[in-house]
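Colleague: Spelled out, the chains give:
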Amino acid sequence: MIKNLVNFPYFLKEVVFNMRRNLIMSVASVSTVMILSLILGFFIISVMNLNFLSRRIVSDIQIAVYLEDGLSEAEVKLLQNRIAVIEDVKEVRFISKEEALANIRAKLGTSIEIEDIGTNPLPDSFEVTMIDYNKIENAANLIKENSGVDEVRFGEDITKNLLSLSAAVRVAGVIIVISLIAATVFIVSNTIRITVYARRREISVMQLVGAENWFIRWPFVIEGILYGLIGSILASVILAAAYSAFLPHILQALPFLTLVKPSALIFRTSFMIISTGILVGLSGSWISVNKYLKNFVSRTKYYV
Amino acid sequence: MIEFHNICYTYPNGVKALDEVDLYVEKGEFVFLVGSTGSGKSSILKMIYREIVPTSGDIYVNDRDITDMKRSQVPEFRRSLGVVFQDFKLIPYKTVYENIAYALEVTGFNSKQIRPKVEKALELVNLADKAKRFPHELSGGEQQRTSVARAIVADPLIVIADEPTGNLDPESSWDIMELLDKINKKGATVVMATHNKEIVDLMEKRVILVTNGKILSDEEEGHYSVAVKKINSITGNPKK
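Protein sequences, first through last, are from chains P and D.
Each residue of the first sequence is one higher than the last, beginning at 2 in the working numbering.
Each residue of the second sequence is one higher than the last, beginning at 66 in the working numbering.
One chain only, chain P, in its complex shape (with noise of 0.2 Å):
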């Protein structure tokens, strides 16, 4: 390690002479990583806005606890306290009959008047928040089983639905990652490979006055995590720009969707696609040079 970076310098200088001179499977190389980084970029902007979509829409989901009528105030209270106390629950929030109607009352924006219809008939209820909604059916289950608690709804269908919905995104969302890397680290490695055939001769001398084989490596992997960062970095930057831009009108279009915000998804994006770019860049180079000094090897094995 310590002669690698010794020799750091010479590696830099020959990285730098040899992309300017085969130019244009440079630009190859970069254009492959930008164009796949933007791809793999979308595709995590896609999986970060569907994750706070449905995480958005499980959070606002509650239980309502409807109690039995004529529960005394230190019964309502004991009550609360049990609920409080249930594994994963937020908040216990107390909503009387008079809050009830007056929340009715805000949502119809009518005033119906309790002269109208005789007496109050809604219950007292408790509204439960839950710190994971995976837990939420069993949280209901055991808030059912205790005494003044007439009813429990916590919209099953659509909670499960939106909880197995949440879970595919967030699991499709890593397999399609993890295939773009697959994908990404095969091509790069594939066109960096023709950048090593160009240069076989080169890498025969060198072997031939005694050249080991990190030496040779080297240069082609500087070569390979210089690709994956300068194509990462420009994908990286068309996808913010493209981001902010277009943010706003989808907002505009759909105004019932809630986005993640640029300032908060940039930064970690770009962090995943720079480094993925960078591992690629790096294994892709390495895998198709070590390929390359393999075959030198055996293929010159057999020559009389």
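Just so you know, these hints were derived from the structure itself, not from any lab.
Under 10 Å between C-beta atoms, here's a sample of chain P residues computed to sit facing chain D: (1) 203; (2) 206; (3) 207; (4) 209; (5) 211; (6) 212; (7) 214.
Quick list of in silico lysine-lysine cross-link-like pairs, DSS-like style, CA-CA up to 30 Å: (8) 279(D) / 262(D); (9) 14(P) / 159(D); (10) 14(P) / 182(D).
Because the structure is a prediction, the values reported are computed rather than measured.
The C-beta atom is built at its ideal place from N, Cα and C for all residues, glycine as well.
Fit chain D to the supplied structure of chain P, relying on the hints for placement.
Modeller: This is chain D only, laid out in the frame that chain P set:
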């Protein structure tokens, strides 16, 4: 300096390239390997710089058993040799100076250490005035002289030359031979494979004739034609 003990080499397809070859080259010798194409002389050279490994037998170079050498030890071993090829094997986009310096760069020398060594090599091969030229701007002879300079710049103990005059006109060929002779007189052992009868006969060095993977004659101050005639008389081959 170079010892081949009972060396056999068989290709994966079963064809024998070398058959029970024993060869001893002393320090400071100049040896010609002669023989027709496919006779096995290039295989012998490739074994010396460990491009190929024998199927059986042992090879010692500089008192080192190179048949059991690990792959990771090969680069360091090769730095004790200089190799010259028929096709020069120069890097086209590097200047004469850079091509020679390259052999030192890969061994980890810095540019301050490299400069005097390359300048000395350039002087030896009489190319100091063409240091900044690219290979395509040079004649065949000059390209081969660059390749010789690259081979000797690290002061190797052994110089291996595989048909170094094969692509050159007679005058350039002589330049190369004079150079190799000079290098040999400075102390390096030279092993050269060639078809060039005239050169072999005029140089009057040790001549080893390889035919069908076997050494058929080995003579001090030998002559190509004498060696071939001698073999023909043994084998009954009418060709002169």
